[in-house]
Each structure stands twice: as structure tokens, then as C-alpha cells.
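Below, each chain spelled out in residue letters.
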Amino acid sequence: MSVTTFTLPALPYAYDALEPHISAQIMELHHGKHHQAYVTNLNKALESHVAAIATGDVAAQIALQQAIKFNGGGHINHSLFWKNLAPAGTDETKLEQAKELSAAIERTWGSFNAFKNAFSTALLGLQGSGWGWLTREAGNGAGLRIVMTKDQDPVVGGDVPIFGVDMWEHAYYPQYLNGKAAYVENIWNVINWKTAEDRFLGRSEERTKL
Amino acid sequence: MSSTLLRTTSALRGALRASRALKTTGALASTGFVRGKATLPDLPYDYGALEPYISGKIMELHHAKHHQTYVNGLNSALDTIAEAEGKGDFTKAASVAPLLNFHGGGHMNHSLFWENLAPASREGGGEPDGALKKAIDSDFGSFDTFRKQMNTALAGIQGSGWAWLVKDKAAGTLNLVTRANQDPVTGPYQPLMGIDAWEHAYYLQYENRKAEYFEAIWNVINWKTVGARFEKS
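Quick mapping for you: the protein sequence lines, in order, are chains A and B. The first sequence begins at 0 in numbering that gives the first Met the number 0 and counts up one residue at a time. The second sequence begins at 0 in numbering that gives the first Met the number 0 and counts up one residue at a time.
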């Protein structure tokens, strides 16, 4: 039984492309070090898991579950995150790129601003490390929902993550220090609405193909 | 009697005020008295005093901004509970439980943390002695083994949290425990020494190299304070 080896995906823009909203220093550490560590540790965990399956060692397989969840989640979450960001001012960051999605947002929250406020409040209410996501639910009328996941728990099952915001301190601390409200305010300038629309309409396979 | 001890006392009073407030809010609120507020304790050393192991900038933000936010959040949660209780709205009071745990825990954890650190030029670093040394040797095999196990526990925290050396109140033995986010050490364990593994505790200086922070912090552990906590517990 062979094991897929994951690699760090290239960023779709330069490290400094999201300035002044996210500094190049943050992007370089976040992508080059943090994301790389999740990829490296996921590969290690999967390799051990394959070995444990080969020897029929169920206890070892169970013991590896949390490492797979944490590092696999870290890899999935960051891969989604880089693609749902884009340099401010580019076409991708214009809400008009997401016609269907913004109509659904207005139906759900009444207005885009009401959604933005609800999402920002949820992000700032997170205790500890984690992520905030706009998701399209598999059941429940395929409705839109704001979902917070702790640590590196990914959005899995049938729910579709449309875009995510990383609320780990490493995502903003060198630039914003304890001022995370300013990070949350500024992240809206670099959301890639074209990617969000593609995910909302199911035009993207990136969740299953990393 | 050094100024360290005096300031230690004032910090402990701060923590005591907070825990007293937790216990007596209900009684005070129902009779209309104003309860004591949790307050930010003074650091028992200067912001730059733990350099080069923890930078002055980290200490200043950590104490004056992060810890202050927990103090404010705790007071706000207690106000909400008292107000809800006054109106007989117990659902509302119960809904504040996560905020009380997070901010109350943040206040307790940081108050203990500042006191179990000290400048390397003063009480910081080295190894414990006396009864604590004996207990560590007996429960972990050696100080070095304990130190390695604590660093392994710290490195294994997935997300934000703390690792603690604790005393099991019933058995009297020492243990290592980790806690997620700001969950405080309560129940069967008495916290003796804590290390903050939140990224804000090290990131400005160590970035993603957290193992280096976990190595460096042993130079500023105040074993005198930890030993005194052990003997009092």
C-alpha cells in the first residue's frame, strides 16, 4: 500500500502582495514555516498510519488519529485560505465577482453588511486558536452558515467551506500584536470573492484534491 | 523582606480578590452591595528583566494588554451574571459560563505565571531544592526527566494552552497536565508552576521556533516561588 506524499502548495501571489493588510513577514512565516510544518507532520503521520495498517496494529492506528486530524486539518485549512485571499484592489477582491453568493448572503443575513458584522463578531469571539468559515451546509436546506472551528479542525463531511479566516495568533501577531480587531477589519480587503463564488457554486475540486 | 515579596503579596491579593468575587457575587448582588473588582496585579520585576530569554516587548504586551483584557473580560462576565441574577434570568447567567471560564482562567493563569518567573540574575533558573526537589526526584526520576517531559507536553499542545506542574491534592504526588486555551487548573490539582504556550507568549521573539522558547524559559523559572507553593499546598 503506497502513501500519497503531500507538498506545500505555491502561494498564488508574492509574500508581500497582501500588504498593507497582511505583512510579507507574516506571509513568509505562515506559508514557509507554519504550513510547511503541517505538511511535514501530516506526511509523517500518514506514513506511520500506513505501516500500522500493514501490520494490523489497530491501537497504533487509533493513536495516530489526532496527529492526522491536526496536521491534515492544518494542511487543508491553509491551502483553502491562501486561495481565498487576493491582493487588495484586484478584480478578485470585488464582491461583484460573487453574484450568486452575495445574493444568497443577502437572503440569509438581510444585507452584506449584516453578514460581515456577524462574521467579524464570531471571529473576535473565538477563544484560543482556530478558524472562522462561511460554509454551505450539506443538509439543512443547503443554507449558508458561519462556522468556527477550533485549532486546526477542518470543515469536513458534506459541508462546503466557501472562505476561511485564520484566527491563530501567528496569522496576525507580528503586525497587529494584540489588536486582532484591526486584523479582522482589514482581512475584508483581501478576500478573494471569485474563489468564494467558485466554491459556492461547486466549481472547485480543491477540497478533495490538495 | 524584599520588594519582590511585597509585590508578590499584592499580586496574590489581586488573585484572591478575583476568586473571592467569584464566590460572593451572588450574595453581594442580591443585597445590593458592590463587589470587589478583579485588578491587574503588578509584575514583580521590570518588563525587560527576563531578557534575553523573554523580550521586554513581549512582557509588556503580555502583561499590560493580554492580561488586562482577561481582567476586563472577567469583570464584565461577573457584572453580567450579577445583573442577570438580580432579574432572576438564570438562563442568561448560565450563558456567560464560557466567558467566565475563559477570562477568569486567563486572569488566574497569568497571575500564577508572572509569580513563577524571575530574572535569571535573581531567583530565576537553576533547579529546585528542598522538599520540591525530593518530590520531583521521586515522582519523575530526576529534574532532567521532569524538564524533558514538560517540554514534550508543551510541544504537544495543538493550539493555545498551558502546561503545568501540579500537585495531586489527594495523593500528594506531582503531575504534569496541559490545559487548552485559558482553562484553569482546578479540582483535584493544585497548580505549582505554569508555562504559557499561547503564541503571544513567544512569537515576537521566537516566531515559529517555539521549541527554542520552551528551552529558554527554564532560565527564568522561579523555583523559590514554586517550592513555596508546593510546601503550602
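In short, the hints are calculated from the structure, not lab data. Source: prediction; values computed, not measured. Warning: the hint list may mix true and false statements.
Derived coverage of chain A by chain B (criterion: at least 3 residues anywhere in the stretch with Cβ under 8 Å from a Cβ of chain B; other residues may be distant) [to be verified]:
no.: 1; segment: 84 to 96
no.: 2; segment: 125 to 135
no.: 3; segment: 144 to 154
no.: 4; segment: 160 to 173
C-beta atoms are modelled at their ideal positions from N, C-alpha and C, and glycine is treated no differently.
* **Outcome, coverage hint (the segment 125 to 135 of chain A, chain B; C-beta under 8 Å; three residues)** => holds (count 4)
* Asked: Quick check: the segment 84 to 96 of chain A, covered by chain B? Criterion 3+ residues, Cβ under 8 Å.
  -> violated (count 0)
* At a Cβ distance under 8 Å, does chain B reach at least three residues of the segment 160 to 173 of chain A? -> holds (count 5)
* **Residues of the segment 144 to 154 of chain A with Cβ under 8 Å from chain B, three needed, outcome** => holds (count 3)
Hint check: a violation occurs at hint 1 only; the rest are consistent with the structure.
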